[in-house]
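Q: Residue-level listing of the chains:
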Amino acid sequence: MRSNRLWVLVGALASSIAVLAGCGASPSPAGAEGLTGDPLVIGVIEDTSGAASFYSQQGVRMIEYAAEQVNRGEYPAEIAALFGTNSRGVAGRPIQLVTEDDGNDPNRAVQAARKLVGAGAKAIITTSSSASTIQARVVCQEEEIPCIASANASADIVKNPNADFVFTISPNSTLIAAVYSSFFKAKGYRTVAFVADSTPSSKAVTDAYRAALEGAGMTVVAQEVIPVGSTDATAQVSRVAAAAPAVVFTTCSSAPEEGLFYKYAGDRLATTPKWGTNNLTLADETVEIAGPAINGAKAADLRSPDNKYSTEVAEGFARAQGGDSHLAWTSLTHWDAVMLLKRAFESAGTDEGPRVVQEIEGIRDFPVAHGQPGYTVSFSAENHNGASARAIVPVVFENEHTVVAKDEQMPQ
Amino acid sequence: MAIHWIDALSAVRVGLMYALLALAYFLFARTTGTINFAIGGYAMVAGLLYGSVVTRVGVPPVLALVAAVVVATALGSLTEALVIRPIAARHRDEFVVVLAIAALLFVLQQLAGMLFGRRAVVARPLTDSAFTVAGQTVGVHDVITIVLSLAVVVLVGLWVARGRSGRMTRAIGDNEDAARALGIPVQRIRMLTASTAGGIAGLAGALAAPQAGLTIQSGVTLSIVGFIALVIGGTGTAYAPLVGGIVLSVLEAGASLIFGSASRDYLMLAAVLLVFAIRPEGLFSTRVRTT
Amino acid sequence: MTELLACRDIGKLYGGVVALKKIDLAVDAGEIVGLVGANGAGKSTLIDIISGNTRQSRGAVHLRGAEVRGGPAKRARAGISRTFQLPQVAHDLSLRENIACGLAAPRFRSPYRLAAEWFHSAVHDTTDWGLVEEVSRSIGLSGLERAAGTVSFGDLRLTEVARALVQQPDFIMLDEPFPGVDDDGVAGVLAALRELSAQGKGVLLVDHNVDIVASIADSLVLIAEGEVAIEGSVEDCMASQVFRHRYIGVA
Amino acid sequence: MTSTQIATALPRDRRVLGVQTWTVAAVALAALALAYFGFAVTSPYRLDIAMTFTMYSLLALGMYVPLFLGGNIDLAYNAYYAAGAYSVALVGARTHLPLLVAVPIGALIAAVLALVVGLATTHLSGFHLALATMLAGLAVYRWISSTGAEITGGADGIGGIPRLEVLGVEFDRELLVAVGFLAVWLVALCLSRFRRALPGLSVRLNRASPAAAEAAGVPTRSMKLMSLMSGAAIASLGGTFIALMNQFILADSFSHDIVFLILFLPMLGGIASPWGAVIGAALLVLLNEASSLLEGPGPLIFGGASLLILILLPGGLLGIAATTWSTWARRSRGSFDD
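Residue numbers (my numbering), protein chains in the order written: chain U, 1 to 412; chain X, 1 to 291; chain R, 1 to 251; chain W, 1 to 338.
No wet-lab data here; the hints were simulated from the structure.
Just so you know, these numbers come straight off a predicted model, no measurement behind them.
Beta carbons: idealized from backbone N, C-alpha and C, even for Gly.
Hints are supplied without guarantee of correctness; some may be wrong.
Label pairs and their calculated CB-CB ranges [as the list claims (entries may be wrong)]:
id	chain 1	residue 1	chain 2	residue 2	range
1	R	Asp128	X	Arg279	39 to 47 Å
2	X	Arg279	U	Glu214	38 to 46 Å
3	R	Asp24	X	Leu273	37 to 45 Å
4	U	Pro305	X	Val138	33 to 41 Å
5	U	Glu144	W	Leu175	17 to 25 Å
6	U	Glu142	X	Leu148	55 to 63 Å
7	U	Thr85	W	Thr42	39 to 47 Å
8	W	Pro98	R	Gly71	43 to 51 Å
Using the sequences and the hints given, assemble the complete structure.
A: Printed below as a string of structure tokens:
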């Protein structure tokens, strides 16, 4: 009997190992046929299972697409003007990607970053959450390699300590909050209600916006939290409705909970203007849960249908993927990260991290695929966040899809 | 602050979901003596299954609901047959069973992650139709949820109180050896209650799926709220879980309205410690079951 | 002889059911008292009350003239030890380890002592294994390496007796220690009890085998229907028709 | 293989070449640890993994006395883990005190938290205790991540923790891992001694029969509190080391997910000895090295193996080893006797 049990266990373990062995082969550089140089290895931290997976997964696919385009030397016109139409690879070297999962767990993010460095990565792009990047950037600092957190909005990422080698591309929450402050002021909103979820990052984002809006003279009349996993947000809507704010601002990190709020806010907050952070337009889940009640909600997106560069990247990506309906703005900023790295490595002429970082710090008016038409980013030694307010594109939900909110003029 | 009737309706809907989960705990514990902390896991699997097949495969919602309940029923009986029975046969320590059930919940969570993905699954309701009462939209799905849940609670209550096999569950819970001596088919009744408990949890999960983005983490959350509802209600009668579920939901909604939901976790802890301190047997009980 | 332990006017209600009506009982230093009675007469309840495992509804227990209060652990430290009718041992511990647990009574005198022993034991084992060995040998229990889950019922009883003995008690209560125990074991336990008695300790012995009890006890107490029915010296009791009828007749 | 049989398979004074088995085991494990350390220093990534092993081991060892000896299911271990980590972070980044004081402070805070949890759950056991302590863990996580975010830094975390320096020696990453291994080895050694001495035996008797333990003079209430507190203090060391190693911590690391993970480690390794917890942690790390365990089917296999072991082989890997050893010993002895 006992030996039977042992054999069952041995069998189970053996089959598990067989399953494991089938996973984890690393792909060779795509689109690199004919490129002879040593591959330039770029590490990507992804989240396949945690809270960031809903934008990380598409982000990784976009980075793969961008690397392939670089290897092929095929670029939209805006960037081709910079690189030349047939500039293949990074100074003739193919980009090779290595990917590590961190499950959005900050402790694993450090290990993932080290594993990437061990695999020869000369730069790292993070697609997981801000918390994960904040932890992983320590490795970039130690190893002296550039790290680009292209999708993260936390202002703390580029704040010292350990921020010498890390860059962000998209506007961080401090910048967006400043835009909102003057924007709401101009619209005459005096009171605001915050709706967040129970994740630590949502709390941090809320605090940042709250400080900015209060600094601009607004009064916060309610700050509600929707616990992750809730099946109901009636009480939160009731409290917001009772506080009668001039505007509702949703600062969730978790998409379903944000959707839940809009679902229940549909009737009782129908006439109150509702704005969300750039998180609102990221995930389909928000709209799926809220249904038609989402219509009328507005948000600061980073993607404009009027931006030809954006459209071209999005369409190319959709073709390569066989049609992806909803492109998150985070994916556009990941494309930009790859282009930025190509530029910096080429002008540095070496793989040495400090030199490459210096080159990134020297980049001015670099055309990017996100933001309003013609939007560019600029870095400096003091400013590792290249964004400006022109990245922000106000959008409104109509028929459960976002369109540019033409009547909203946000400060530039 | 005036309490809106829609607040009350939501509290009842959520309370009934808690009640179904607590009822599943109740049935499972009645004959096996085990607080099955994997109950929320069944609900999570059922909810994800319902959401996935409706949204991704295009199965009609009613069919998906039935499938979800069937799968959860199977999970309940498998738990009894493959986990609890073999362990209870060898160990007298309750804590080994607790560990095994924690491992089971973890396994269900990871299995669901493999099958349905780790992103939130948003399910379509049984029907999209809704009607308007006094300016408020009420989904037909919500009404179905309330009616169906109440019906299940009442039917199970009647079964336990009046039904032949239902009354046997009582005998087994009170004294297994005596029940065996009386010729009660102990194993069969156990299997019956375990699978019924699974099915009820599955129903709760599938009905709740369109209300939120269920993720594999929802299993633990659902297990916790169901257990708390059971603790509040007690195990005295089959209707105790109903009362426990409604009381928990009303407390939660009331506390959210008064203090805001930011304090929810603290209030949960306080409520549970309070119940354990002053009425460890729950609101309804025939016997004390604390230690 | 001085009075060691006394039960004064003890009553116990379980719910509405009377388990013990009124018990007065005294054990002197050096005395061995046999407690007998039918099944359900309340013998084990009385032991539970004296050891503190159950709270009496009425009355008081006195040890050396002072009222005993508090839980079983406190009473054990005051010098009261006991065995259980159904042996209560840890099945995953060896017999030796089970017996050693009795050392808790003399060792964990205060929370401070507990804390000190707690940390000390992680570095150095100060358990008095010699005493465990000696006590076990004295009652004829061997094979101490065996896990408690694998030994006979009789050996479990002896293990409990040994655990009660290593507590170095002033007053020991044995609840049916003999069923399943072989003759050597019985002789060993009896010898140990005589030794205790000689040292001026008190013994309360409960067993169904009236011959064994009578062979060692100084006096007998018969309880029936929650009251002391008969008490007196062994000779008087054994001579009593009522005693023979009620005890031997029923049991 | 039941726990009873394990007890018989591992008697206290079995000797190999005249030396006590546990001494042999401790020395062998020290050699293994040294070998692993040699392997870990070969890459920064492996060093991180080695520290993760240290952290998992210390958390699981912290659970050993209250849970696996005492049967008290305390699931608030994320709180104790956090106590150790935040003590280091706050002392290191916000004060000018020597960083070493953060170690006892963390252990003390963890022990006090455990005391509060223990006092609040005095009369609870089994599933009810599990629920109450899990909610306590959730409440502490809520406090770290939002209510107390001004102190803990919440999702932004606390950075800038200096390297530990004692008597002019800077504890770099390699040295920290070495000290971490030493701590695991010492704690496991102490626990295996504790387990077989009077206090440990009392804890184990209390689990089997509280009535008997009480009657034997064991102050069960104080003892439960002692085991919860010392377990929490050991677990806090896991947080201490992680914070010292990464020099940065943030709220997301301290959710109750980690409690479930470490709960399985002793089961895998075998609960009959504290070394089982260490073996379980080593196994997790080993699998992690062999493949990316924590992606894809890894956690499923991990949880499934734990469940299977609980159902089929409750002795864990150590139990299997012990059975094999005793069978082999019996056979070889048998052949000599003939």
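Q: Decide, hint by hint, whether the structure agrees.
A: Hints, one by one, checked against the model:
In this structure the hint that R:Asp128 and X:Arg279 lie 39 to 47 Å apart at CB holds, the actual value being about 45 Å. Checked against the hint of 38 to 46 Å, the pair X:Arg279 and U:Glu214 passes, with Cβ atoms roughly 44 Å apart. Remark: the range hint 37 to 45 Å for R:Asp24 to X:Leu273 is upheld by a beta-carbon distance near 43 Å. Between U:Pro305 and X:Val138 the CB atoms are about 36 Å apart, so this pair conforms to the stated range of 33 to 41 Å.
Checked against the hint of 17 to 25 Å, the C-beta distance between U:Glu144 and W:Leu175 comes to roughly 22 Å, which is consistent with it. In this structure the hint that U:Glu142 and X:Leu148 lie 55 to 63 Å apart at CB holds, the actual value being about 58 Å. Take U:Thr85 and W:Thr42: their Cβ atoms lie about 45 Å apart, and the range 39 to 47 Å holds. Take W:Pro98 and R:Gly71: their Cβ atoms lie about 44 Å apart, and the range 43 to 51 Å holds.
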